[in-house]
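Undergrad: Throw the hints in and build the complete structure from the sequences for me.
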Amino acid sequence: MSDATTTGPVLAADGTPLKKSLSKALRRQKIRALMLIAPLLLFVTVTFILPIGDMLFRSVENEIVSNILPRTVVELDSWDSTSGDLPDEAVYAALAADLLIAVENRTHIKVGIRLNYELSGMTSLFKKTGRVVDDFDPDLTFAEQFIDIRDDWGEVETWQTIQMYSSVYTNGYFVSAIDMRKGPDGLERLPDGQRVYITSMIRTLVMTLAITLLCLIIGYPVAWLLANLPMAKANLLMILVLLPFWTSLLVRTSAWKVLLQKQGVINDVLVWIGIISDDSRLAMINNQAGTIITMTHILLPFMILPLYSVMKGIPPTYLRAAKSLGATNWTAFWRVYFPQSVPGIGAGAILVFILSVGYYITPELVGGPSGKFLSNWIAEFVLARPNWGLAAALGAILLGLVMFLYVLYDKIVGIDNVKLG
Amino acid sequence: MALDDLKNAYVAFDRVQKSYDGEILVVKDLNLAIGKGEFLTMLGPSGSGKTTCLMMLAGFETATHGDILLDGKPINNIPPHKRGIGMVFQNYALFPHMTVGENLAFPLEVRKIGKSERDDMVKAALDMVQMGDFAGRRPAQLSGGQQQRIALARALVFKPELVLMDEPLGALDKQLREQMQYEIKHLHESLGITVVYVTHDQSEALTMSDRVAVFEDGRIQQLATPADLYERPENAFVAQFIGENNTLNATITGVEGNMVAVDIDGGMKGHALAVNCGGVGTRTILSIRPERVALNSDGPNKADAKVMELIYLGDHIRCRLVVSGNDKFIVKVPNSAGQKHLVVGETTPISWHSEDCRALDA
Ligand SMILES: Nc1ncnc2c1ncn2[C@@H]1O[C@H](COP(=O)(O)OP(=O)(O)O)[C@@H](O)[C@H]1O
Ligand SMILES: [Mg+2]
Chain A
9 MSDATTTGPV LAADGTPLKK SLSKALRRQK IRALMLIAPL LLFVTVTFIL PIGDMLFRSV
69 ENEIVSNILP RTVVELDSWD STSGDLPDEA VYAALAADLL IAVENRTHIK VGIRLNYELS
129 GMTSLFKKTG RVVDDFDPDL TFAEQFIDIR DDWGEVETWQ TIQMYSSVYT NGYFVSAIDM
189 RKGPDGLERL PDGQRVYITS MIRTLVMTLA ITLLCLIIGY PVAWLLANLP MAKANLLMIL
249 VLLPFWTSLL VRTSAWKVLL QKQGVINDVL VWIGIISDDS RLAMINNQAG TIITMTHILL
309 PFMILPLYSV MKGIPPTYLR AAKSLGATNW TAFWRVYFPQ SVPGIGAGAI LVFILSVGYY
369 ITPELVGGPS GKFLSNWIAE FVLARPNWGL AAALGAILLG LVMFLYVLYD KIVGIDNVKL
429 G
Chain B
379 MALDDLKNAY VAFDRVQKSY DGEILVVKDL NLAIGKGEFL TMLGPSGSGK TTCLMMLAGF
439 ETATHGDILL DGKPINNIPP HKRGIGMVFQ NYALFPHMTV GENLAFPLEV RKIGKSERDD
499 MVKAALDMVQ MGDFAGRRPA QLSGGQQQRI ALARALVFKP ELVLMDEPLG ALDKQLREQM
559 QYEIKHLHES LGITVVYVTH DQSEALTMSD RVAVFEDGRI QQLATPADLY ERPENAFVAQ
619 FIGENNTLNA TITGVEGNMV AVDIDGGMKG HALAVNCGGV GTRTILSIRP ERVALNSDGP
679 NKADAKVMEL IYLGDHIRCR LVVSGNDKFI VKVPNSAGQK HLVVGETTPI SWHSEDCRAL
739 DA
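In the order they appear, the protein sequences are chains A and B.
Note that our numbering gives residue 158 to position 150 of the first sequence, counting from 1, and the numbers run on in steps of one.
Note that our numbering gives residue 595 to position 217 of the second sequence, counting from 1, and the numbers run on in steps of one.
What the hints contain is simulated information worked out from the structure, not anything from laboratory work.
We put the beta carbon where it would ideally sit given N, CA and C, even for glycine.
Do not rely on the hints blindly, as some may be mistaken.
[Unchecked claim] Incomplete in silico selection of chain A near chain B, CB under 8 Å:
#, residue
1, Tyr326
2, Arg328
3, Lys331
4, Ser332
5, Leu333
6, Thr336
7, Thr339
8, Pro347
9, Gln348
TA: Written out as structure tokens, the structure reads:
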């Protein structure tokens, strides 16, 4: 640079400092780019980010108790739940006042249902109390009259539950989702027979891993054939691979029911060949085997296609080069071909794993009691016995698990070592 | 070729044929004997079957008919990895997931050579191609020329006696290509290995080879030293393919010893060396190299030519002339003192010696 320019900032042609006019130009560019992707951004926000955000929020949200029973919540705040004594008269009076309004708005049942998740019997307690709340006698204490209606109002546990779930946010759904409950002295595990979700999570993970592994074992040779057969044969094979996509998921799942059931085609053939006897037919449906077989079939193309696209990019000269250097067929494959196909394995495995871990319809249809996934529980809490908070907590845990495995994968294999096409 | 020759040769193709689809013969009746330590080049246009021959020798394709012998023994049934032949591929085929050092160690590892000896051999091979500092790099981090050297080092590191190269310099720019030609040639001389080299670049073939086999359509058209190929082509294809060449169509009118008298189409008469032509009355193609034509009427074969185009090339001037109806007749005029200065459109006398004019197959 000449010494003339060292005295001040570099100027653009119109005299403004160069830095300023550059950032102005860049800003205009950025705004234009942003406007271009705005519809997409909006779409993603509305269809993806908002629902997931809503779900995560529902898993901790608990406004219902403090909204419907505001006075009770305030009064109950000063009650020591560990003392073993019942709350004082003021609490009962507040509850009576709250319930009067709640009954008018018909919201007392909602509180009952909400509290029933934590302590069974709460729904009917609130229902029954709601029916008689108008008839309180001002001459008697509210406590007496409440306990008259149902003994439960005289139980410390009832009040403990209301107090515990009176805050606006709760970790209660997550606590239930990991088979625990909040006792008076901290978290405690549920009794043996009632622990279902952790088992279901572990089962979901193990079965998903089994499905991913099976897809890999079956898909790898198929993808290899696809990439290495002559054009005409490869195209035919590709059609066979894609054929399942053209058939409804329900049809495919039902077809497996026909094939796998006790009196089904496969058992018939095995009996006919004489491999198994007629009275020891294999149970392959309505259990874990059924889910794994059917899901492997359904998800196989998602393993084959990324593998194929990676393998297609590996020139056959590498294998020839390895052999010319003295490697046997196996060594050439294992040392030269396989490492280069790893990005395809990564992509296929992630795809199959993520699709499979959240699968719902197939396990529901062919899984039986032992072959169900965590998503079947989520569906149950959304549809059959509504408890969206618990469904959301289970969903959040599932999401967390997938993300954890993703990070783990990134640490071990490296996420940039994944090639989807 | 006598069978004796094939028996003594280091590499021999004995009546080899190859067809991929059962309909077309890609290699037709190939007979070729390569001596130990020889640098033999297969030269020919694209699709003439050179790669196929190399692949049959390496064991990646099987001959449809005939035998391939290595050191006197048929190798048809030996799988590629047991043949111990080094190979350099056109796109180098360096393993992208291994470093340069690992690439070179690969052939030694599969041969179960111990770690310390392996390291020494890898180092020696890298030094041989002046790439000693690059052992830790990935192939993708090297330039084309450097990758080429590594591919060469990898094909040589396990000390094969026979090395095959399939257009190894095809992807390099001209300058680098010429430099590598000399380096490969020097390696061949210092290591005493036998090299079978494939190229479609005739100047590359002439520069590097002891002998060149000119391929066309699955056949060897001529197998000779570079000098013989250029100066004594045996047929019109070779004459046309190697170097620059002027052709004139003619009819033979008389045979005198090893010379023939010819009537050139367009009315001119002259004499030519009988190389590969028939008797009196048959058609022939005359081949004359541009540098053998003089711009005077001193030689025994004379003609008048019209100057169509002049291209200045520094050391010489290329003149395109019309001679006997052939408007692609090239003459190279040295850019030296005392040379006649031509002008486009003028008519000039030209002449050539009868020995420089070869009568070939029509
Ligand atoms: N794998 C193959 N399958 C079928 N035809 C082939 C195959 N490889 C080469 N060919 C055919 O054989 C002929 C010779 O090919 P090639 O040996 O590669 O020639 P070059 O190396 O001299 O260019 C070409 O016509 C080519 O189309
Ligand atoms: Mg070729």
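Undergrad: Should the hint that Lys331(A) touches chain B count as held when the rule is a Cβ pair under 8 Å?
TA: Since chain B brings a Cβ to about 4 Å from Lys331(A), closer than 8 Å, the hint holds.
Undergrad: Under 8 Å, Cβ to Cβ, is where Ser332(A) needs to be relative to chain B, so tell me if that hint holds or is violated.
TA: holds (4 Å)
Undergrad: Given a cut of 8 Å on the nearest C-beta pair, is the interface hint for Thr336(A) held or broken against chain B?
TA: With a closest approach of 6 Å, the Thr336(A) hint holds.
Undergrad: Please check whether Leu333(A) passes as an interface residue: C-beta within 8 Å of a C-beta belonging to chain B.
TA: holds (4 Å)
Undergrad: So, Gln348(A) near chain B? Judge it on the closest CB pair being under 8 Å.
TA: Holds, because the Cβ-Cβ distance from Gln348(A) to chain B comes to roughly 6 Å (cut-off 8 Å).
Undergrad: With chain B as the partner, please determine if Tyr326(A) meets the hint condition of a C-beta pair closer than 8 Å.
TA: holds (6 Å)
Undergrad: Would the stated hint for Arg328(A) survive a check requiring a Cβ distance to chain B of less than 8 Å?
TA: Result: holds, 5 Å to nearest chain B Cβ.
Undergrad: Against chain B, is Thr339(A) within 8 Å by beta-carbon distance?
TA: Interface hint status for Thr339(A): holds (6 Å vs cutoff 8 Å).
Undergrad: Taking the closest Cβ pair, is Pro347(A) under 8 Å from chain B?
TA: Holds, about 5 Å.
Figure legend: structure checked against the earlier numbered hints; every hint is met.
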